[in-house]
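Given chain A, work out where chain B should sit, using these hints.
Protein chains: 2
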Amino acid sequence: MIFKQFFEPDTSTFTYLLACEKTKQAVLIDTVESEVPKYVAALAEQDLKLVYTLETHVHADHVTGADSLRQKLGSKSVVHRDAGAMCGDLLVTDGVHLIVGSLDLEVRYTPGHTIGCISFFAGDRIFTGDSLLIGGCGRTDFQQGNSGQLYDSIHAQIFSLADDVIIYPGHDYNGNTQSSVGNERKNNKRLGDNRSREDFIKIMSELKLAYPKYIDVALPANQACGRIAPPAQAA
Amino acid sequence: MIFKQFFEPDTSTFTYLLACEKTKQAVLIDTVESEVPKYVAALAEQDLKLVYTLETHVHADHVTGADSLRQKLGSKSVVHRDAGAMCGDLLVTDGVHLIVGSLDLEVRYTPGHTIGCISFFAGDRIFTGDSLLIGGCGRTDFQQGNSGQLYDSIHAQIFSLADDVIIYPGHDYNGNTQSSVGNERKNNKRLGDNRSREDFIKIMSELKLAYPKYIDVALPANQACGRIAPPAQAA
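Chains as they are written, first to last, in this note's numbering: chain A, 100 to 334; chain B, 100 to 334.
Possibly wrong hints are sitting among the right ones.
[Claimed, not checked] Think about it this way: if two alpha-carbon atoms lie no more than 30 Å apart in a straight line, the pair counts; the simulated DSS-like pairs of lysine-lysine are:
#1 K123(A) to K148(B)
#2 K121(A) to K123(B)
#3 K148(A) to K285(B)
These aren't lab readings, by the way, just hints derived from the structure by calculation.
The following block holds chain A by itself, in its conformation from the complex:
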């Protein structure tokens, strides 16, 4: 498998390129609009054909590159059926396998950060978006977030995997690039094995987070797969 992790520093977002060595078919997970030229160059460098752009959820902090890439390369946008992005070309649900050459990505429904969150499990690694971050997790106070549901999602769909499964998150703000199921069960400050569901709900309710910086631009744009609406004209 061809694999590459990208980092966009303004919003500390990770994007992942996965491709089949034999068929040269590729997917990108959680792209950022401003970084599209980098993805295009990386694909061209290895003569890869982008088949799908996958979204772990409708992001509130950055604009997806899905629509740009669709226009440039003919890739198709994949998102959960209930994420509120009917612009998606392929709407998925829990348990669906996306197969691209030798890649086999199992969709795991992990709501809680948003109602439409999914993780992609590829056998030895899982791409958790903002559901599970290294040492923490995404906030649960917007987009139909729900702390109890997030706790249940993480335990049923991620912590049920083997300890050595690699965690690739949607963001990191502390210089980490990956973790593992075992590490997070042991060390995650909010969701580790020493935290009960009640502990977690209490922690999340006391976070007092600022209003998300880019949400008013990012959310409507991402509900349209990254097409940013032009400013409304005066009548």
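Relative to chain A, chain B alone:
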């Protein structure tokens, strides 16, 4: 590629099994609930793993086996996003490629028989459901059917293919099992090259067809992927 065509005589429905010889992954197109044991036996005989059941549309004449197969074998149900079957596990749109081992099925949106009709193009063959039948086509007087739209779909998405592409339809009532793009362009009584869009709309408007025999059972069941609701109990 492993390939098998099934025929269900009560509703003259064709079902297709396609599988990758190497990975043993399989798909079924347009299953019929009463025939599920035959599909299960055919899959077992060749040690195949059913990944997806594909629907060319929400059928009005027979009940799909999608839900039965999902329960028995863990397969996922694939249907067009706008077909009115939100029970689908994977909702697709025009141009999406479904890749299963060496199989690559391109979704071609062909509305007109119903608003949610799609065909599946596999390089040398296309599965046209009820959009294009051998010598004819599906009716256009139910489920948001539209004769002009069906004419446009057939011409843009099917007759634009090479003449030797094989047509595998959703039904045949005359003992045929396949045709080709070239044959249909030459000989289709409603849609052949000698018929204009206006001719076709006129032909369809004058058909005087009977009310579909099974529509009142089949339609609600298929909107739920084949789960037949138990009769309502008296209060």
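The hints, checked one at a time:
As the CA atoms of K123(A) and K148(B) are separated by approximately 24 Å, the hinted pair is consistent with the 30 Å bound. For the hint pairing K121(A) with K123(B), the CA-to-CA distance comes to about 18 Å; that is within 30 Å, so the pair holds. Under the criterion of a C-alpha separation no larger than 30 Å, the hint pairing K148(A) with K285(B) is inconsistent with the structure, at around 37 Å.
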